[in-house]
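S.K.: What follows is each chain in one-letter form.
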Amino acid sequence: GAGVSQSPSNKVTEKGKDVELRCDPISGHTALYWYRQRLGQGLEFLIYFQGNSAPDKSGLPSDRFSAERTGESVSTLTIQRTQQEDSAVYLCASSLGAGNTEAFFGQGTRLTVV
Amino acid sequence: AQSVTQLDSQVPVFEEAPVELRCNYSSSVSVYLFWYVQYPNQGLQLLLKYLSGSTLVESINGFEAEFNKSQTSFHLRKPSVHISDTAEYFCAVSGRGFQKLVFGTGTRLLVSP
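Top line first, the protein sequences correspond to chains A and B. For the first sequence, our numbering gives the first residue as 1, with consecutive numbering after it. For the second sequence, our numbering gives the first residue as 1001, with consecutive numbering after it.
None of these hints come from the bench; they were simulated from the model. Not one of these hints is a red herring.
Okay, the calculated beta carbon distance ranges per label pair: (1) A:T112 to B:P1012: 28 to 34 Å; (2) A:T76 to B:R1077: 37 to 43 Å; (3) A:E20 to B:S1070: 44 to 50 Å; (4) A:R64 to B:Q1071: 36 to 42 Å; (5) B:P1012 to A:V12: 31 to 37 Å; (6) B:P1079 to A:G16: 51 to 57 Å; (7) B:S1054 to A:G16: 49 to 55 Å; (8) B:S1054 to A:D18: 47 to 53 Å; (9) A:E102 to B:P1012: 26 to 32 Å; (10) A:V114 to B:P1018: 43 to 49 Å; (11) B:E1064 to A:G16: 48 to 54 Å; (12) A:G71 to B:R1096: 23 to 29 Å; (13) A:V114 to B:G1062: 39 to 45 Å.
Which bits of chain B does chain A cover? Going by a derived footprint, with three or more residues having C-beta under 8 Å, they are: (14) 1041-1055; (15) 1095-1102.
In this text the structure is predicted, and so the values were computed from the model without any measurement. Virtual Cβ for every residue (Gly too), placed ideally from N, Cα, C.
Please work from the sequences and hints to get the whole structure.
M.R.: Written as structure tokens, this is what we have:
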């Protein structure tokens, strides 16, 4: 596609439910990132996929968070047993992979846990 | 591993005044440096980047940033800001090769008339 696409754009869920967020990167981009942006705060790194290498999961805040990516295509971020502190905008970005290349961001998924 | 520090969470300025948004990084290896901007209700987009060569890089809308290796800084400047520059600005760093992009906490630039 023309850009990074994320779905849904908004998600309201009840505390304790599981949610799945989807990211469609730009075709040909080998790197894919998930970030979290809480209201009024900066970008918190969650996970980084690069080609077929093992993902860098060092930013996942707890074992309730997991992410998968099939090859160099779609990625899903799953949050199990959601908590109110999980409420945030979840941003996905993709790039050609090398550190000197621009990361292109999706519009994000706004998750609200009630 | 790399890290980025943006000490100023918010910078209020008047229109047509100069501004500097500070960014310091930490890394044990050579890095690439970026500034991204997030306008209200929009997604993040690249503003400018330093890869190599000239340490002074410019954007199309009048911002510039200078890579200072000795001070491990990459401050963003504009000599005269506009109302439309109101946005959140994020500094980011990546190591050479296939390294993840690490962001600072962001600086909110508020330009008032």
